[in-house]
Amino acid sequence: MNKYLISGNSVIAEAAIRAGCQCYFGYPITPQNELTEYMALHLSRKEGCTFIQAESEISAINMVYGASIAGARAMTSSSSPGISLKQEGISYLAACELPAVIVNMMRGGPGLGSISASQSDYFQATRGGGHGDYRTIVLSPASGQELADLTQRAFDLADNYRTPVIILGDGMLGQMMEPVEFHKEAPENLSTKSWALKGAKDRPSKIIKTFTSNPNELEEINWRLFRKYRLIEREEVDYETYMVEDAELIVIAYGIAARIAKGAIKKARAHNLKVGMLRPITLWPFPFKKIQEISKRVQYFFVFEMNMGQMIEDVQLALEGNGEISFYGRPGGVIPTPSEVFRILSRQYYQKGLNR
Amino acid sequence: MTIKTVYKRPKLLKERLFHYCPGCGHSVIHKLLCEVIDEMNLKERIVCIPPPGCSVFAYNYLDIDMAESAHGRGAAVATGIKRVSPETIVFTYQGDGDLSAIGTAETIHAANREEKITAIFVNNAVYGMTGGQMAPTTMIGQKTTTSPYGREVNKEGYPLKMSEILSVVEGTVYIERTAVNSPKNIKKTKKAISKAFQVQIDNLGFSMVEILSPCPTNWKMSPIESWHWVDKEMVKEFPLGVIKDRIKVKKC
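Line order of the protein sequences matches chains U and D. Residue 110 in the numbering used here sits at position 110 of the first sequence; the count goes up by one each step and never skips. Residue 199 in the numbering used here sits at position 199 of the second sequence; the count goes up by one each step and never skips.
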């Protein structure tokens with residue numbers, strides 16, 4: 001199998017094309033422009049495919065909404081401030097049960113923030129993000145290869161569950177170059193979508209809508225959505241464990257932070273510190289059960305994020321008070337080093353007396 | 001004695017009571033759309049994008065495929081559908097708040113990309129569904145719930161003329177402003193709608209029909225008074241007629 005050495009942003013774009021993405025709508029924002037540019041170069045001239053540089057993030061997500069209504073595999077990408085603008089459209093996609101893939105290569109915030117890599121949008125991504133009662137599947141890649149694999153999985157998940165899927169990367173993953181293999185080629189025939197609207201031919205007319213003046217009807221829609229979300233929580237949780245078997249201290253980190261943490265754990269192991277890691281790959285649904293299972297044996301948890309502490313709330317929910325959590329975070333787009341994280345976690349290790 | 005049918009309910013108009021107020025233009029425009037879509041035989045290939053607003057319930061009346069858009073995003077949603085499915089006839093149904101306030105950017109840029117879509121733009125000079133607030137198209141001096149002393153130019157600006165603005169955008173092919181306040185104007189509106197759809201069928205570019213439509217409830221008038229007000233006041237700011245017609249140029 002061929003290996004490609006291209007930037008993370010380009011990996012997502014190529015993987016999307018190979019997943020049968022027919023439509024891309026985007027708007028320039030750093031640090032994800034290579035993705036939009038790759039699509040302009042490679043998708044725009046492809047037979048039956050559409051690339052539009054939209055007039056705004058809001059328009060881009062609404063073009064995705066339209067393309068999804070017509071039955072296409074469609075995606076958009078942006079970075080933190082642009083993703084805020086897309087929330088309106090994501091709420092409508094969730095409400096109408098339309099598939100879509102939305103990529104957020106996070107940067108520091110709030111406000112215009114910085115263009116450097118951050119994990120500042122965990123809350124926004126995992127709590128729905130826009131208005132109303134809904135969730136989106138959130139995938140958290142931690143390497144070039146995973147950008148490829150999870151992008152392809154994102155399109156399948158979106159179609160299978162008829163729901164928007166967020167790929168939550170960051171500016172560093174987007175800019176990094178790593179050798180990548182693309183495991184899947186575009187499916188020859190994507191299944192036709194029964195909900196697609198193209199005119200009422202040989203069937204009664206149909207409506208895709210979100211508004212209802214009857215609260216009871218809307219409540220039923222909310223219940224239906226949450227039955228689906230419960231199913232996703234049962235079926236789609238994904239995570240990686242790293243050296244957890246004998247670990248006395250478990251690092252919980254995701255995305256690029258997990259990559260940095262892995263370097264720190266290697267250093268810790270070289271110093272005979274028994275440190276392991278749980279890396280959630282799906283941030284929603286979150287691996288609550290796995291953390292509970294680990295907490296039966298392990299008492300100490302170390303949450304590391306490139307923000308002021310967002311996922312830590314999910315870890316607290318998972319532990320239900322069983323276990324002790326310490327936190328280390330660097331917000332603002334600052335990229336911590338493995339040595340720095342090793343220093344902090346080894347201090348924790350000794351303070352808790354885990355070396356004894 | 002033989003009985004000849006001279007008028008009947010349009011085939012595509014569902015048998016359901018309108019929720020619109022007495023004298024409102026939406027019901028007339030809905031009827032015209034049903035007639036045109038039926039006469040042009042488009043039911044099997046047409047999708048309507050209704051907006052939030054009074055006409056959010058358009059799907060209760062028109063027996064065609066519909067996909068509701070977020071406020072103002074109609075042109076972007078229509079773009080997505082049309083690009084995936086170029087053979088589908090896609091039209092937005094938008095009010096003045098929707099198309100000329102919150103959706104200005106979407107509308108202008110879809111037009112500028114020469115999207116092959118049609119906008120049915122219903123201008124009644126107020127936000128209707130939310131209770132009669134000032135719109136970009138509210139007349140100077142007109143009292144609304146958010147311009148209770150009358151619209152003042154130095155604070156609230158001038159009535160925004162979207163048809164004229166769009167006429168200088170290269171991608172627009174056909175724009176006409178009509179009204180539904182008299183049998184004569186209703187006939188003209190019907191003709192304009194079918195012309196706008198034909199522009200899309202012929203794949204020429206962006207087309208729009210702006211329809212001046214009475215809103216007696218929020219104008220605080222009787223239906224009859226509101227029809228006269230369209231003639232006496234609204235047409236001064238929003239003159240009726242073809243604003244742009246590049247059909248012949250685009251065809252050759």
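Treat the hints as calculated values from the structure; they're not laboratory data. One or more hints might be untrue.
[As the list claims (entries may be wrong)] Computed cross-link-like contacts, DMTMM-like style, restricted to lysine to aspartate or glutamate with a CA-CA straight-line distance of at most 20 Å:
1. U:206 with D:202
2. U:206 with D:170
3. U:198 with D:170
4. D:248 with D:152
5. U:201 with D:170
6. U:209 with D:39
7. U:206 with D:164
8. U:267 with U:235
9. D:11 with U:240
10. U:198 with D:39
11. U:198 with D:44
12. U:201 with D:237
13. U:198 with D:15
14. D:43 with U:202
15. U:201 with D:164
16. U:274 with U:235
17. U:206 with D:152
18. U:201 with D:225
19. U:209 with D:63
20. U:46 with D:35
21. U:193 with D:87
22. U:206 with D:44
23. U:198 with D:225
24. D:14 with U:240
25. U:193 with D:44
Hints, verified against the model:
For the suggested pair residue 206 of chain U and residue 202 of chain D, the alpha carbons sit about 25 Å apart, so the restraint of at most 20 Å is broken. The hinted pair formed by residue 206 of chain U and residue 170 of chain D fails the criterion: a straight-line CA distance of about 34 Å is larger than 20 Å. Taking the CA atoms of residue 198 of chain U and residue 170 of chain D, the gap is near 28 Å; set against the 20 Å cutoff, the hint is violated. Distance hint between residue 248 of chain D and residue 152 of chain D is unfulfilled; the C-alpha atoms sit about 41 Å from each other, more than 20 Å.
Taking the CA atoms of residue 201 of chain U and residue 170 of chain D, the gap is near 34 Å; set against the 20 Å cutoff, the hint is violated. A C-alpha spacing of about 27 Å is found between residue 209 of chain U and residue 39 of chain D, which places the hinted pair above 20 Å, so the restraint is violated. Restraint check for residue 206 of chain U and residue 164 of chain D: not satisfied, since their Cα atoms lie roughly 35 Å apart, outside the 20 Å limit. Restraint check: the Cα-Cα separation between residue 267 of chain U and residue 235 of chain U comes to about 35 Å, which exceeds 20 Å; the hinted pair is violated.
At roughly 59 Å between alpha-carbon atoms, residue 11 of chain D and residue 240 of chain U are farther apart than 20 Å, so this suggested pair is violated. At roughly 19 Å between alpha-carbon atoms, residue 198 of chain U and residue 39 of chain D fall within 20 Å of each other, so this suggested pair holds. The straight-line distance between the Cα atoms of residue 198 of chain U and residue 44 of chain D is roughly 8 Å, inside the 20 Å bound, and the hint therefore holds. Proposed proximity of residue 201 of chain U and residue 237 of chain D is contradicted: the alpha carbons are some 42 Å apart, above 20 Å.
Restraint check: the Cα-Cα separation between residue 198 of chain U and residue 15 of chain D comes to about 23 Å, which exceeds 20 Å; the hinted pair is violated. For the suggested pair residue 43 of chain D and residue 202 of chain U, the alpha carbons sit about 10 Å apart, so the restraint of at most 20 Å is met. Taking the CA atoms of residue 201 of chain U and residue 164 of chain D, the gap is about 37 Å. The hint is violated against a cut of 20 Å. Restraint check: the Cα-Cα separation between residue 274 of chain U and residue 235 of chain U comes to about 31 Å, which exceeds 20 Å; the hinted pair is violated.
With a C-alpha separation of about 44 Å, the suggested pair residue 206 of chain U and residue 152 of chain D falls outside the 20 Å cut-off, and the hint is violated. Pair hint residue 201 of chain U plus residue 225 of chain D does not hold up; C-alpha atoms about 42 Å apart against a cutoff of 20 Å. Taking the CA atoms of residue 209 of chain U and residue 63 of chain D, the gap is near 15 Å; set against the 20 Å cutoff, the hint holds. At most 20 Å may separate the alpha-carbon atoms for a hinted pair to count; residue 46 of chain U and residue 35 of chain D exceed this at roughly 39 Å.
As the CA atoms of residue 193 of chain U and residue 87 of chain D are separated by approximately 17 Å, the hinted pair is consistent with the 20 Å bound. Between residue 206 of chain U and residue 44 of chain D the CA atoms are separated by roughly 11 Å; this keeps the pair inside 20 Å, and the hint holds. For a cut-off of 20 Å, the pair hint linking residue 198 of chain U to residue 225 of chain D is broken: about 41 Å separates their Cα positions. In summary, the hint linking residue 14 of chain D to residue 240 of chain U is not supported, as the alpha carbons are separated by about 55 Å, beyond the 20 Å threshold.
Straight-line distance between C-alpha atoms of residue 193 of chain U and residue 44 of chain D comes to about 17 Å, which keeps the hinted pair within the 20 Å bound.
Comparing the model with each numbered hint stated earlier shows that hints 1, 2, 3, 4, 5, 6, 7, 8, 9, 12, 13, 15, 16, 17, 18, 20, 23 and 24 do not hold.
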